[in-house]
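Protein chains in written order, with the numbering used here: chain A, 1 to 80; chain B, 1 to 80.
For the record, the hints were derived by calculation from the structure and aren't laboratory data.
Take the hints with a grain of salt, since some may be wrong.
[Claimed, not checked] With beta-carbon atoms standing in for the labels, derived distance ranges:
id: 1; chain 1: B; residue 1: A51; chain 2: A; residue 2: R27; range: 23 to 31 Å
id: 2; chain 1: A; residue 1: A20; chain 2: B; residue 2: Q31; range: 20 to 28 Å
id: 3; chain 1: B; residue 1: A32; chain 2: A; residue 2: G29; range: 44 to 52 Å
[As the list claims (entries may be wrong)] The list that follows gives simulated cross-link-like pairs (lysine-lysine, PhoX-like), each with its CA atoms no further than 20 Å apart:
id: 4; chain 1: A; residue 1: K19; chain 2: B; residue 2: K2
id: 5; chain 1: A; residue 1: K77; chain 2: A; residue 2: K40
id: 6; chain 1: A; residue 1: K52; chain 2: A; residue 2: K10
id: 7; chain 1: B; residue 1: K10; chain 2: A; residue 2: K40
id: 8; chain 1: A; residue 1: K2; chain 2: B; residue 2: K10
id: 9; chain 1: B; residue 1: K52; chain 2: B; residue 2: K77
id: 10; chain 1: B; residue 1: K19; chain 2: A; residue 2: K40
id: 11; chain 1: A; residue 1: K19; chain 2: B; residue 2: K19
id: 12; chain 1: A; residue 1: K2; chain 2: A; residue 2: K52
id: 13; chain 1: B; residue 1: K40; chain 2: A; residue 2: K2
id: 14; chain 1: B; residue 1: K2; chain 2: A; residue 2: K40
id: 15; chain 1: B; residue 1: K2; chain 2: A; residue 2: K10
id: 16; chain 1: B; residue 1: K19; chain 2: B; residue 2: K52
id: 17; chain 1: A; residue 1: K77; chain 2: B; residue 2: K40
id: 18; chain 1: B; residue 1: K77; chain 2: A; residue 2: K40
id: 19; chain 1: B; residue 1: K40; chain 2: A; residue 2: K40
id: 20; chain 1: B; residue 1: K77; chain 2: A; residue 2: K77
id: 21; chain 1: A; residue 1: K52; chain 2: A; residue 2: K77
id: 22; chain 1: A; residue 1: K2; chain 2: B; residue 2: K19
id: 23; chain 1: A; residue 1: K10; chain 2: B; residue 2: K19
Glycine residues also receive a C-beta, built at the ideal position from the N, C-alpha and C atoms.
As a plain string of letters, each chain reads:
2 protein chains.
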Amino acid sequence: MKVEVRVYPKEGVLDPQGKAIAAALGRLGHQAVRDVRAGKVFFIDVAGADAKAAEADARRMAEELLANTVIEGFDVKVVS
Amino acid sequence: MKVEVRVYPKEGVLDPQGKAIAAALGRLGHQAVRDVRAGKVFFIDVAGADAKAAEADARRMAEELLANTVIEGFDVKVVS
Numbered sequence: 001m002k003v004e005v006r007v008y009p010k011e012g013v014l015d016p017q018g019k020a021i022a023a024a025l026g027r028l029g030h031q032a033v034r035d036v037r038a039g040k041v042f043f044i045d046v047a048g049a050d051a052k053a054a055e056a057d058a059r060r061m062a063e064e065l066l067a068n069t070v071i072e073g074f075d076v077k078v079v080s
Numbered sequence: 001m002k003v004e005v006r007v008y009p010k011e012g013v014l015d016p017q018g019k020a021i022a023a024a025l026g027r028l029g030h031q032a033v034r035d036v037r038a039g040k041v042f043f044i045d046v047a048g049a050d051a052k053a054a055e056a057d058a059r060r061m062a063e064e065l066l067a068n069t070v071i072e073g074f075d076v077k078v079v080s
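My request is simple: use the sequences and hints to build the entire structure.
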């Protein structure tokens, strides 16, 4: 199964990387950009054919390793 | 408009970060993990109400700044 985990800064948490990117985009002429939040995405190939199990597994991976749940949220999507 | 840009290593491009994460997940007991590819995701807030324009704009941002198109692919999705 292919699972996609997205990890992003929680609402209210400062995101200096996103701010820097927003400023750089402004300097490049993208004046319409109001805000940028920068996160990570992990494409995980998990053995097995049980989508529910793969999703639960990926959720544990996010909690244990991929996300810092103090400051980051995450979501999990089984792609195929 | 809220636009989401995902940037990820192209097929065939070495992804040492993904490899390191896959190995770490294995050590944590996630034996079912076969492969991990690590990418980035940017949540961009763009002024205006034209979804087509926002998407085209985000595509230019990806090409100019967010992605290194030599080694990275990207996709753009208008969320709202």
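Against the structure, the hints come out as follows:
Between A51 (chain B) and R27 (chain A), the C-beta spacing of about 25 Å keeps the proposed range 23 to 31 Å intact. Between A20 (chain A) and Q31 (chain B), the C-beta spacing of about 38 Å breaks the proposed range 20 to 28 Å. Restraint check, A32 (chain B) to G29 (chain A): a C-beta distance of roughly 46 Å satisfies the suggested window 44 to 52 Å. At roughly 16 Å between alpha-carbon atoms, K19 (chain A) and K2 (chain B) fall within 20 Å of each other, so this suggested pair holds.
Under the criterion of a C-alpha separation no larger than 20 Å, the hint pairing K77 (chain A) with K40 (chain A) is consistent with the structure, at around 14 Å. With a C-alpha separation of about 25 Å, the suggested pairing of K52 (chain A) with K10 (chain A) is violated against the 20 Å cut-off. Among the hinted pairs, K10 (chain B) with K40 (chain A) is consistent with the structure: their alpha-carbon atoms are about 16 Å apart, no more than 20 Å. Taken as a hint, the K2 (chain A) and K10 (chain B) pair is honoured in the structure, with Cα atoms around 16 Å apart against an allowance of 20 Å.
A distance of roughly 10 Å separates the Cα atoms of K52 (chain B) and K77 (chain B); the hinted pair therefore holds under the 20 Å criterion. A distance of roughly 15 Å separates the Cα atoms of K19 (chain B) and K40 (chain A); the hinted pair therefore holds under the 20 Å criterion. A C-alpha spacing of about 29 Å is found between K19 (chain A) and K19 (chain B), which places the hinted pair above 20 Å, so the restraint is violated. The hinted pair formed by K2 (chain A) and K52 (chain A) meets the criterion: a straight-line CA distance of about 12 Å does not exceed 20 Å.
For the hint linking K40 (chain B) to K2 (chain A), the alpha-carbon distance of about 17 Å falls within 20 Å, and the restraint holds. Restraint check for K2 (chain B) and K40 (chain A): the C-alpha separation of about 17 Å stays at or below 20 Å, so the hint holds. Distance check on the hinted pair: K2 (chain B) and K10 (chain A) sit about 16 Å apart at the alpha-carbon level, within 20 Å; holds. Distance check on the hinted pair: K19 (chain B) and K52 (chain B) sit about 36 Å apart at the alpha-carbon level, beyond 20 Å; violated.
Between K77 (chain A) and K40 (chain B) the alpha-carbon distance is near 16 Å, which keeps this suggested pair within the 20 Å criterion. For a cut-off of 20 Å, the pair hint linking K77 (chain B) to K40 (chain A) stands: about 16 Å separates their Cα positions. For a cut-off of 20 Å, the pair hint linking K40 (chain B) to K40 (chain A) stands: about 4 Å separates their Cα positions. With a C-alpha separation of about 16 Å, the suggested pair K77 (chain B) and K77 (chain A) falls inside the 20 Å cut-off, and the hint holds.
Proximity of K52 (chain A) to K77 (chain A) is assessed by CA-CA distance (about 10 Å); at most 20 Å being required, the pair is judged to hold. Between the alpha carbons of K2 (chain A) and K19 (chain B) the distance comes to roughly 16 Å, so the proposed pair stays at or under 20 Å and holds. A C-alpha spacing of about 26 Å is found between K10 (chain A) and K19 (chain B), which places the hinted pair above 20 Å, so the restraint is violated.
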